[in-house]
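Participant: Listed below, chain by chain, are the residues.
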Amino acid sequence: MTVFLIYKAILCVLIFAVSLGVAAYATWWERKFAALLQDRKGPNRAGPLGLFQPLADGGKMFMKEEIIPNVSNKFLFILGPSLFLFLSFLTGVLIPWGKDFTYDGHALALQLTDINVGLLYILGVTSIAVYGIIIGGWASNNKYSLLGAVRASSQMISYEIAMGISIIALVITAGGTLSFREILDTQDAGLANICYQPLGFLIFFICALAETNRAPFDLAECETELVGGYHTEYSAFKLGAFMFGEYINMFVSSAIMAGLYFGGYNFPFAKEFYHMIGLEDGSAWISLIGAGVYLIKTFIFISVFMWIRWTLPRFRYDQLMNLGWRVLIPLSLLNLAITVLVEIFIRGTIQL
Amino acid sequence: MLGYTITQWLFGILSFLAIMFALMVVFTRNPINSVLYLVLTFFCIAGHYLLLNAQFLAVVHIVVYAGAIMVLFLFVIMLMNLNQDTEPQKTVISKVVAAIAGGLLLFVMVGALRGSEQLQIKQYGHSDIGLVKNLGNVLFHDFLFPFEIASVLLLAAMVGAIMIGKKEIK
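One line per chain: the protein sequences are A and B, in this order. According to our numbering, the residues represented by the first sequence are 1 to 352, in order. According to our numbering, the residues represented by the second sequence are 1001 to 1170, in order.
Be careful, since some hints might not be right.
Stated by the list, open to error - Stretch-level coverage of chain B by chain A, calculated; a stretch enters the list once three of its residues show a Cβ under 8 angstroms from a Cβ in chain A: (1) 1018 to 1026; (2) 1072 to 1079; (3) 1137 to 1146.
Claimed, not checked - Computed Cβ-Cβ distance ranges for the label pairs, DEER-style: (4) B:I1019 - A:F4: 31 to 37 angstroms; (5) A:F62 - B:M1109: 50 to 56 angstroms; (6) A:I6 - B:P1146: 38 to 44 angstroms; (7) A:L5 - B:P1146: 44 to 50 angstroms; (8) B:K1090 - A:T311: 40 to 46 angstroms; (9) B:A1098 - A:L20: 49 to 55 angstroms; (10) A:L199 - B:M1109: 38 to 44 angstroms; (11) A:A284 - B:F1145: 49 to 55 angstroms; (12) B:L1010 - A:S283: 48 to 54 angstroms; (13) B:W1009 - A:F4: 30 to 36 angstroms; (14) B:A1101 - A:I115: 41 to 47 angstroms.
Don't read these hints as lab results, they were simulated from the structure. The C-beta atom is built at its ideal place from N, Cα and C for all residues, glycine as well.
Use the sequences and the hints to build the structure in full.
Facilitator: Put into C-alpha cells, the structure is as follows:
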C-alpha cells in the first residue's frame, strides 16, 4: 500500500511536470514551426536555437503589470483563467503512458487512474472546459470578450455532438469497453483503430481542433473582428494561463488521439522487438520505451495541429456552424451506422 | 473518525454543500451567480451518484446538465444582460402569496414524508447496477420498450423546438 501511494504521488508530480514542460516547449516549437513554414528563422536569441525562449516568455508574463478592469466582477475575473488552466489538466489523469511493470513484487501502472467510464469522463471534462472561457469573457464586462465567450461556448457545444458519436463508433469497434486502458490493449494484439475507423478519426480530429479553439476554429479569439476575443481584458499571467491552458489542451487531445486511434504505446512488432533485445514482460524498460513511443506519436499530432494553424485561413462563423451541424453530425451518424453493419455482418463481433 | 466511515463523511459533506449551493441559487441577486451555483449543485449531486456506485449516471449528469444545459443557460442570460436594475420589482401582495404557497408546499412535503422511516427500502438488483454494462443490459433488455418510447418523446420535443425556432414555415 505504501509503495503504491508513493508511486502514485511521484507519477502525479511527474505527469504534471511533463504536461507543463511540453506545453512550454510547444510554444517554442510552434514559433519554430511557423518560421519553417514561412521561410524565416524564428526565435534564435535566447540560448542555442532559442531554446530558452519559453523561460523568457514565462518570466515576462510573470513580471508584467496586472490590470483588473474596475467594472469587472473581480472574483469571476480571476476564476476564469484559473478554471481554464485547472480543467485543461484534468483529462491528463486518464492517459495510460505505458504498460504495467513490476517493482519489488508490486504491479504498477504508468497511468494515474483507470476508470471504467473513461471515454465518457473525457467527454465530460471537455464539455465543462468551456466554463473558464465563458466566465472569464463575461466577467471582463467588455462586449468583445462577451462575444468571444459566446462564440466559444456555442462552438464547443456544436462540435461535442459529432465527437461523442464518433467515440460511440470507436467503442463499438473496440469491443464495447469505455476504459482507455482496455482500448489501448485491444490494439496491442490487432491493428490500430485507425484501420477500422478512418472516417471516425477524421471527425474526431476536426472536433478536437474545434474543441481546443485552435485555428482554423479560433473564432473565439478572432483578432480581426473581436480584438482579442474572450481574453481582451486580460494581462500578465492571467493571459498566460489562457495561453498555457490552450497548449496543455492541445497536448492532452493529441495524446488522446494517438492513444485511441493510433495504438498509444503499442507499435508494430513490439513483442518481437522486446524479445530481440532481451526484455522480459513486466520490465520497467518496456514501460519506458512504450512511453517514449507514445510521446513521439503525440508530438507528431501536436505538429499537425500547428501545421494546420499556419496553413489554413480561419472559417467564417456561419461556415463553422454549417460544418458542425450539417456536415460532421450526419457524417458521424453515417459512420456509426456503417460501423454497426460491419461489426454485425463482416467481423461478426456483435451477435444479434 | 468519530465513528463514521469515509463514505458517511463524504455523504455528509456533499449533502451539506449541495443544500448550501442550492440555497445560494435562490438567494443570490445576480442571475449569472445563480447559474454558477446551480452548476456547483449539479457537481455535488454527481458526487452522490458516485457514492451510489452509479458512475455512468454521474458522468452523464455532468455532461448533460453542467456541460450542455447550463452552458446554454449562461449563454442566454449573458446575452440578455439581466441585472438588478432591469429586474422588475415584485409587489408586496405577490410576495405574501408566494410565501403562503411555499409554506403550503412545505406542509404537503412534510406530511408526505411522515412515517417514511418505517418503510422498508426494497433494493432492486445488485449494488453494481449503475455500472455501464449492467445499466445497458437493464435498459436494452428488461426495459427496452419504455426506453424507446422515451426516445421517441425526446425526438418529438426536438422536432417541435426546431419548428418553433424557425423564422418562417415554407
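Participant: It remains to establish, for every hint, whether it holds in the given structure.
Facilitator: Hints and how they fare:
1. 1018 to 1026: violated (count 0)
2. 1072 to 1079: holds (count 5)
3. 1137 to 1146: violated (count 0)
4. B:I1019 - A:F4: 31 to 37 angstroms: 36 angstroms, holds
5. A:F62 - B:M1109: 50 to 56 angstroms: 54 angstroms, holds
6. A:I6 - B:P1146: 38 to 44 angstroms: 50 angstroms, violated
7. A:L5 - B:P1146: 44 to 50 angstroms: Taking Cβ atoms as reference, L5 of chain A and P1146 of chain B lie about 45 angstroms apart, which means the hint holds.
8. B:K1090 - A:T311: 40 to 46 angstroms: 57 angstroms, violated
9. B:A1098 - A:L20: 49 to 55 angstroms: 52 angstroms, holds
10. A:L199 - B:M1109: 38 to 44 angstroms: 52 angstroms, violated
11. A:A284 - B:F1145: 49 to 55 angstroms: 53 angstroms, holds
12. B:L1010 - A:S283: 48 to 54 angstroms: The hinted range 48 to 54 angstroms is violated for L1010 of chain B and S283 of chain A, with Cβ atoms some 39 angstroms apart.
13. B:W1009 - A:F4: 30 to 36 angstroms: Since the Cβ atoms of W1009 of chain B and F4 of chain A sit about 22 angstroms apart, the hinted range of 30 to 36 angstroms is violated.
14. B:A1101 - A:I115: 41 to 47 angstroms: Distance hint for A1101 of chain B, I115 of chain A holds at roughly 44 angstroms.
In summary, the numbered hints that this structure violates are 1, 3, 6, 8, 10, 12, 13.
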